[in-house]
Amino acid sequence: MSLLSPPLRWLAFFACLAATPPLLRLFGVDGGGAVQIGALNDIGIYLILALSLNIILGYAGLFHMGHTAFFAVGAYASAILNTSHGWPILQTMPVAGLLAAFFALLVAGPIIRLRGDYLLVVTIGVVEIVRIVLLNNVFDLTGGANGISGISRAEIFGLRLTTPADLFYLIWAFAGLTVILCSLLENSRFGRALKYIKQDEVAAAGCGINISLYKIQAFVLGAFWAGMAGTLLAVKMRLVDPESFTFSQSVMLFAIVILGGSGSIAGVVLGSFLLIGLQEIFRDFSQARMLAFGAAMVIMMVFRPQGLIPARRRRYDLRGLTGVFPRALGRRGGAEGT
Amino acid sequence: MSLLALRNLFKTFSGLVAVAGISLEVEEKAIVGLIGPNGAGKTTVFNLITGNSRPDSGEIIFDRRPITGLPTHSIVRLGIARTFQNIRLFQEMSVLENVLSGCHCRMRAGLFSSLFRPPSQRREERAAVERAMRELAFAGLDERHADPAGSLSYGNQRLLEIARALASDPRFLILDEPAGGMNDQETADLMGLIAAIQARGVTVLLIEHDMNLVMKICDKVIVLEYGAVIAEGTPAQVKGNPQVIDAYLGSDG
Amino acid sequence: MQEFLQQLTNGLAVGGIYALIALGYTMVYGVLKLINFAHGELFALGAYLGFTLLVTLGLSDFMGGVGVVFLLLIFAMGLVAIAGYFLERVAYRPLRQSNRLAAVVSALGASIFFQNAMMLVYGTKALVYPGGILPSVVVSVLGVEIPLIRILIFASSVLLMCLLFWFIHHTRTGAAVRAVSLDQGAARLMGINVNRIISLIFLIGPALGAAAGVMVGLLYGQIRYDMGVGYGLKAFTAAILGGIGNIPGAMAGGILLGVIEALGAAYISIAWKDAIAFFTLILILIFRPTGLLGERVADKV
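Protein chains in written order, with our numbering: chain S, 1 to 338; chain C, 1001 to 1253; chain G, 2001 to 2301.
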């Protein structure tokens, strides 16, 4: 889908999004479109999470199904700092990210060398352990099953964010930043190293890539970003509780990345809109909704296992670099024998 | 002084002795062939040198420095690059990106400069792409730079592996059956390429079953059998060695 | 001591159930290198089909005791085996050649599908197995009072496992199953119909899972549409504990996990019961990454 690749098209995409709240109001959608904007806010948070998971799962190819754990650490860190220590909620964001990153470092260290499926199960276990820890109110910090409520509203430059539309701009600005950073990452030495590791670890090590180090870095970076997304959730819900961080949420994120196109930013964006957006649209049919969703996942994988928008091979700027270097044999390249 | 020396290396796999006390030396800027019947332990020796597996005992010395037990990525940084017997390219990535992977260990950009792109990062990236294109041209594959590696012919995939290895700026290049699966013309080209690599000052150690290639381009040949060196010398010396004929060449016709 | 033995027998009964489910995971993983995420749902489906037979079709009105349980097991196992067979044909076979992640997502999709199908049919509330199918007798063994049902459940799970073990090790088809899990390509060259063996595995595994489902219904009385997730994760943990792909390993791992969990819940804290299983898993993978009886799981680097 070449529609979404060049920067201009991304710009157009985000411009259309930015125009959505005023347009909804203009056309007199019920309640100024609060429901629709609320749905877009959900999509935005999931998109940020899915892009951060994409670093670990899409680029580095690590079967990580525990991303919710990092999200939860971030959200709780923000909630605690805000309600117990009076920090303005948005200022907790870097700390939320760092704590999630630190947690990822602790977790990743021992398990990073596990083979794919084992990693999958261990990361699922980590999500469950985190949820149980939260439920049991360990350290008397997390409020048990009720979670933490009464998180204050976010303020930017003295401006209070009160309506869904206010939050919309906050969340989607952050999502836009995430898209930019991810595409920079993807096309760099760091991003390439992750992709080499995904394709063939032995060959990657043979190219001088420190496999474990890069895997851990991917984990920590993805967790950092998921932790910051946790702050956004705390801002949006003004409440965090263990039931917001379930295994099925991790599954949803995993599915967004794989269905959208693992390692492809446009794919992850589309995946977030489809999976989260359709869920919101079909909320009224909630009985059969998840049934169809499950069936759709199977059908998608059977007919399009590479995802909706597979990652594209990058083109490099080769001006002045073609046809100028000497050949060892003077032979023209690409003569294909059999 | 030799560039690489193996001292009394041992390696067993669950009781099976693969390498039984091998000592050998590779002189700088030479082309050395490692030959022997299947299962003689040749690839195991390569894996020990490149850190893909660890010896049970013994020492590996590269450029007067022990490298035994170092991780593969550190060994590559020191200047030892390799190709694989069962081609291990990044099949779905472009030919150019495959060679860029070789440049990885000579680049410095970390996570932060990858994200924030200071001028130094951009210069380094440009230089790496240039180096990669230079190596692709050297191997004669530059026109295929945008194709996925998996779409190349078998022979060209082997050349691409060599280009990738060269991009890491090695002093020592290890080739595991470089002519495997190549036709006569491709093998002839390969011999030219290996000679050109030697001319660049790179030392080459190779495993090869194509005796014609080994005898023509190697300065020294080392013969393994049952995980031990049974003969070494110039191609002519080895060819005439009765033990070798008995163990290997004889049985091979 | 009394308390300890109570918990121990409780753990053995639950462990037998975990082991039965774990066998399905481990056999599928052995041949396809795939975590069949829908397996937990097949187990739950077994529990529900048992319920339908028992209550809706009124089986318990006709007869009582061991005969009912036997029929129940046979029917639930048979029906779920068929579901397992179609699961493989529809959701996994077309993906045999694609990358592993696609199959994992397909498995997750199938799991979501089954779970919600059960929710639609049976509702979100827990259903109650009628009591008194098996006499609620307490047996006194060496001075310890043990409910008969625990003994029966443990005994029948062990019996099923022995049958499986005998089948795998002493029949021609069993040998073919072992061959396929060692090396599919070689097995095909030896004239083994690999697809047939895989189908067979998707009949046997879910059937054992269904038996476990019925046992949970009988043991605890309550079943829920989403119970497959929890039991599934535990059973998979058990499979890894024993070394995945390893059939005796899954049996041992399941029983061990059941015991660890029961003792942990009793002596540490009931609130941490579910976390104990995962902590055990993580510790095992860190300190003995082969599982207790299994192959190595950390990648060669």
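I should point out that these hints are in silico values taken from the structure, not numbers from a laboratory. Careful: at least some of the hints might be erroneous.
Claimed, not checked - In silico negatives: residues of chain S with every beta carbon more than 12 Å from chain G:
1. Ala12
2. Cys16
3. Gln36
4. Phe63
5. Pro88
6. Leu141
7. Tyr169
8. Met300
9. Met301
10. Arg313
11. Tyr316
12. Arg319
13. Gly320
Claimed, not checked - With the Cβ distance kept under 10 Å, some of the chain G side facing chain S (calculated, not the full set):
14. Tyr2029
15. Leu2053
16. Pro2094
17. Ala2107
18. Ser2111
19. Phe2113
20. Leu2148
21. Ile2149
To be verified - Incomplete in silico selection of chain G near chain S, CB under 8 Å:
22. Ile2035
23. Arg2100
24. Val2105
25. Gln2222
26. Ala2271
27. Phe2279
28. Ile2282
Virtual Cβ for every residue (Gly too), placed ideally from N, Cα, C.
Verdict on S/Arg319 as a residue remote from chain G, using beta-carbon distances over 12 Å:
Holds: least Cβ distance 35 Å, greater than 12 Å.
Chain S contact restraint on G/Ile2035 - CB to CB distance below 8 Å:
Cβ of G/Ile2035 sits 5 Å from chain S, so the hint holds.
In terms of Cβ atoms, is chain G entirely out of 12 Å range of S/Ala12?
holds (30 Å)
Status of the G/Gln2222 interface restraint (C-beta, 8 Å, chain S):
Hint violated; G/Gln2222 Cβ to chain S Cβ min 20 Å, cut 8 Å.
Closest CB-CB distance from S/Gln36 to chain G, is it above 12 Å?
holds (25 Å)
Minimum Cβ distance from S/Tyr316 to chain G greater than 12 Å, as the annotation requires
Answer for S/Tyr316: holds, closest chain G Cβ roughly 26 Å.
Proposed interface contact between G/Pro2094 and chain S, which counts if any beta carbon pair is under 10 Å:
holds (5 Å)
Status of the G/Phe2113 interface restraint (C-beta, 10 Å, chain S):
Holds, about 3 Å.
Could you check if G/Tyr2029 really has its C-beta closer than 10 Å to a C-beta on chain S?
Interface hint status for G/Tyr2029: holds (7 Å vs cutoff 10 Å).
Was the hint right that G/Leu2053 lines chain S, CB cutoff 10 Å?
The hint is violated - G/Leu2053 has no Cβ within 10 Å of chain S, the shortest such distance being about 23 Å.
Taking 8 Å as the limit, does the beta-carbon of G/Arg2100 come near enough to a beta-carbon in chain S?
Holds, about 7 Å.
Do the numbers back the hint for G/Leu2148, that is, is its least Cβ distance to chain S under 10 Å?
violated (33 Å)
In summary, the numbered hints that this structure violates are 4, 8, 9, 15, 20, 21, 25.
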